[in-house]
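Asker: Fit chain U to the known structure of chain A by using the hints.
So the sequences go chain by chain: A and U. Each residue of the first sequence is one higher than the one before, counting from 1 in the numbering used here. Each residue of the second sequence is one higher than the one before, counting from 1001 in the numbering used here.
No lab work stands behind these hints: they were computed from the structure. Here the structure is a predicted model, which means the values were calculated and not measured. The beta carbon of each residue, even a glycine, is placed where N, CA and C say it ideally should be. Among the hints, a few may not be true.
To be verified - Covered, in the sense of this in silico footprint (three residues per stretch, anywhere, with C-beta under 8 angstroms from a C-beta of chain A), are these stretches of chain U:
1. 1264-1276
2. 1431-1442
3. 1642-1650
As the list claims (entries may be wrong) - Residues of chain A clear of chain U, computed beta-carbon distances all greater than 10 angstroms:
4. LEU36
5. SER59
6. SER170
7. LEU205
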Amino acid sequence: MSDKHSIDGRAGFLARLSALETVVLAGILLVALAGLMLVGKGFYMKAKSELSQVLLKRSFEAQLHGESDVKPWPWADFSTEAEITAPRIGQTAVVLSGASGEALAFGPARLANTPAPGEPGTSVIAAHRDTHFRWLKDVKPGDLLVITRKDGKNLTFRAGASRIARWDKSGINANAPGRNLVLATCWPFEATTQGPLRYIVNAELVTDAPLPKLSALERSVQQAVNSF
Amino acid sequence: MLLDTENTSATPSRSFVPHVEYMLVAALIAVTAALLFAMGIFSHAAAETSEGKPQHFAGYVRPNDMGTGALLFPSKEPGSFVEAPRLATDVVIDVNGPIMRTRVTQRFQNPSKGWVEGTYVFPLPQNSAVDTLRMQIGDRFIEGQIKAREEARQVYEQAKAEGKKTALLEQQRPNIFTNQVANIGPGETIVVQIEYQSSVHQSGGEFSLRFPMVVAPRYNPDPIVQTVDLDPNSGFAVNDPVPNRDKITAPVLNPAENAKINPVTLTVNLNAGFPIGAVTSPFHQTDIQSVDDMARRISLKSGSVPADKDFELDWTAAAGMTPHAGLFRETRDGKTYLLGFVTPPTDDATTIGAPAKREVIFVIDNSGSMAGPSIEQARDSLALAISKLRPEDRFNVIRFDDTMSVHFPSLVAATPDKREDAIAFVRGLTADGGTEMLPALEAALRTQGPVADGALRQVVFLTDGAIGNEEQLFTEISSNRGDARVFTVGIGSAPNTHFMTKAAEIGRGTFTLIGSEDQVAARMGELFDKLENPAMTDIAVTFDGANAQDITPNPMPDLYRGEPVVLTAQLDGTSAAGKLQIVGKTGSQPWRIEMDVAKASEGTGIAKLWARRKIEDIEANAYAFNDKAWLDKEIEKVALANHLVARVTSLVAVDVTPSRPAGEPVADTRLPLNLPEGWDFEKVFGEQPQQAVPEDQRKAELQRTEEQAMLVAGRMAAAPTARAASLIADAGTQVDLPQTATQADRYIQVGLMLLAFAVMAATTFSLWRWQLRGLVMEARDRVR
Chain A
1 MSDKHSIDGR AGFLARLSAL ETVVLAGILL VALAGLMLVG KGFYMKAKSE LSQVLLKRSF
61 EAQLHGESDV KPWPWADFST EAEITAPRIG QTAVVLSGAS GEALAFGPAR LANTPAPGEP
121 GTSVIAAHRD THFRWLKDVK PGDLLVITRK DGKNLTFRAG ASRIARWDKS GINANAPGRN
181 LVLATCWPFE ATTQGPLRYI VNAELVTDAP LPKLSALERS VQQAVNSF
Chain U
1001 MLLDTENTSA TPSRSFVPHV EYMLVAALIA VTAALLFAMG IFSHAAAETS EGKPQHFAGY
1061 VRPNDMGTGA LLFPSKEPGS FVEAPRLATD VVIDVNGPIM RTRVTQRFQN PSKGWVEGTY
1121 VFPLPQNSAV DTLRMQIGDR FIEGQIKARE EARQVYEQAK AEGKKTALLE QQRPNIFTNQ
1181 VANIGPGETI VVQIEYQSSV HQSGGEFSLR FPMVVAPRYN PDPIVQTVDL DPNSGFAVND
1241 PVPNRDKITA PVLNPAENAK INPVTLTVNL NAGFPIGAVT SPFHQTDIQS VDDMARRISL
1301 KSGSVPADKD FELDWTAAAG MTPHAGLFRE TRDGKTYLLG FVTPPTDDAT TIGAPAKREV
1361 IFVIDNSGSM AGPSIEQARD SLALAISKLR PEDRFNVIRF DDTMSVHFPS LVAATPDKRE
1421 DAIAFVRGLT ADGGTEMLPA LEAALRTQGP VADGALRQVV FLTDGAIGNE EQLFTEISSN
1481 RGDARVFTVG IGSAPNTHFM TKAAEIGRGT FTLIGSEDQV AARMGELFDK LENPAMTDIA
1541 VTFDGANAQD ITPNPMPDLY RGEPVVLTAQ LDGTSAAGKL QIVGKTGSQP WRIEMDVAKA
1601 SEGTGIAKLW ARRKIEDIEA NAYAFNDKAW LDKEIEKVAL ANHLVARVTS LVAVDVTPSR
1661 PAGEPVADTR LPLNLPEGWD FEKVFGEQPQ QAVPEDQRKA ELQRTEEQAM LVAGRMAAAP
1721 TARAASLIAD AGTQVDLPQT ATQADRYIQV GLMLLAFAVM AATTFSLWRW QLRGLVMEAR
1781 DRVR
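Okay, chain A solo, but in the shape it has when bound (with noise of 0.2 angstroms):
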């Protein structure tokens, strides 16, 4: 039948279309080349933010190794800092320094005004909720956070309350007393338009705790001994 069709100069399928179907297919078209197009940004985007861990991680081990600032590549405009790692979770990502512009596609940055974790004041650490702090709403009270700093410090962390805030009223004193970690991210999780409201979690450095790999795994012990 096809065969039949295809007499006139057209050639193939669109011999068969009229004027007005040809528009509406191209149209058709058009919509679906967008679409793909979108979706193909959208997990590109997730992509290179899961990708350049793996960069950021080589980097951030050379620096641990004693070679001094390595950027991860030539025209990096960032270098890594830190490596924060939730037992619990399970989950672990390399901090950039100053969470400006392009950084924090990459990683969770430290903002630049705020003192390095484990110095006296709140350093804050922030990143983007649908990638490297999707895990943030998982924090739990009580809950220990591992930063291995740049100079191969260790150290610990105890997450206290969470709060939602303004990203322009945070109440965040970089100089409060005492040695914090504030973790921020965009609130609410599920959103997927950017908005002015944070999700912000406290922590404070605890001084010689147990080691925080050992007690996690004796969570999960426990938890799987529980389920039992």
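Answerer: Coordinates of chain U only, in the frame set by chain A:
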């Protein structure tokens, strides 16, 4: 053949086929509309979830919110404070020529049942010299002594630990001071008196003063605040058990009520030093008494509600009597201090008629740290700046990240097509890569050729200043600046203001901060005014026949339209001899004025003003000294000698005897018997006996005061902790959090929707085709 058949066979159903076609098109449109509508609703819902109100508690404040002097107690909410009920405020401002001295006396109450430490926060006009602190707590009077900051803090901490009443006044930022008061007993009344000195503001023949008394909008009489409670397990918000909790407690501090229990009296003793023309207060009702033709006494009309405006007083000289120059003198500790001001001729034909030609080099940072809104703001600002150039100006654009490029090979005339070209270049910039600022700075300062005769070379630097080699850059600017002026424009929410302020100071330009998109037009407009109207440049001050050691400001900044040159100087010896010479350039014309020191009139407080400016100069040149300790010592020396609060000095006051134990009842201390000499506290103790207030009204007011006190007490932290107290002291800075949501999910979502739509449309389309074919077949069958 077959085509014919089809044509003929289609004929019987022709009336029917288009009908089906239209129906299908209509169906397609309907489906599209429905989809779009659904998407619209969805995005709307998402927007609503994200814009819900954050946790916010009516009545709680942060030190940064304070627009006027206030006593804060730590509250139960970490990071927030409650304001002590302010019972009375009295302000006396003495204006003597170009100098004003302000005395603020405020009475507060500790409404709680515990012993607390409060922090008195007060914003002051920039460049105020704070030199006096007096306190009355309960029935004790203490006066602050100037000490080095660390030493003062130790004295304070020790006295606090010993249970003594003590106060510590520190400078947090050049315009924010805090005063911590420890061991305030339950129900006790505190009277705080501070004195500071500042200079009268002059602009274009107008003289003005400003006193901060903004009642900030936190006193929302009826806020609709949604409290968010987070489930500790899931991290998600659950419903608030008391939906209108904040409505219940909110209307405590509504401004109208507050005004009645917080009476403000304000008096200005204006002694202008020249015949006064008009005196106006733009935001408040005042009573103006004429003392003589050079003096006025201005007071706030009784019952005037403190509006949400600072108190401002403007005065002008009587017609034809506007002073264009003045010189005042004070002798202190064997030295002579001078204060001089000159308003350069601005209505001169030379300056207005032919505005100076300009050579502007724009330098824009497009490194990765500028990504997001920063680069947008930078692009907008720069495009605006380029579009404002005049054809006779010359310009160039340099961009840098870890590479750099100069747009035009050399400076080009700002003809419309060159401007368009440069704007297109700027619009096309994207933020990526590292920050290497030095090569760009060198290119801007060194490689743009010599400055044309009579032209002004201006370098405008747009960056977030995320760099590490500040010293190197400062050195580059100071050694290669030549005649150029360097203006810095800070972009983004957290630019490196330290670097940019200093860079502008060294470059003899100004620093402009653009924090958000909506500030671009206004802030850049202010900058253009300056760029386009330099009234006088290359100002230098010399003394002829007198040994002047320190002249501030140093170097003299350029002057812009209507601004006077205001200088202070310290001269050796007490003899008033010699001549003061000021030279400068308006456009390309030299300008020069001479004043005789011997003819200067006597003034008071000039030494303090000089000291304050001297400290600022030292701070401004901090980059040049590697030895920060030496710098601090220099500042300390000047501040201690002049009894001034500065970054490195504080006023501390300690009561000699320990306070009562907490258990004892507090005596009524409202009318102390023996006020020490020179202590003028009556104003705030006067209980307005002049007005006969009806009994019930007074009762109602009393009740209101009590209710307010109880509410404040209810919000205060139970016990004063050292930690909470020091929290307030340096809570001046708050960290702004960056945007931490990507559009990735949104893109994926919208993309999937579009794909779904395409699939649906394609299905509909093929169904439609199929149906058509069916009709054709049917018709053919019928023909057969």
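Asker: Compare the structure with the hints numbered earlier in the document and write down the numbers of the violated ones, lowest to highest.
Answerer: 1, 3, 4, 6
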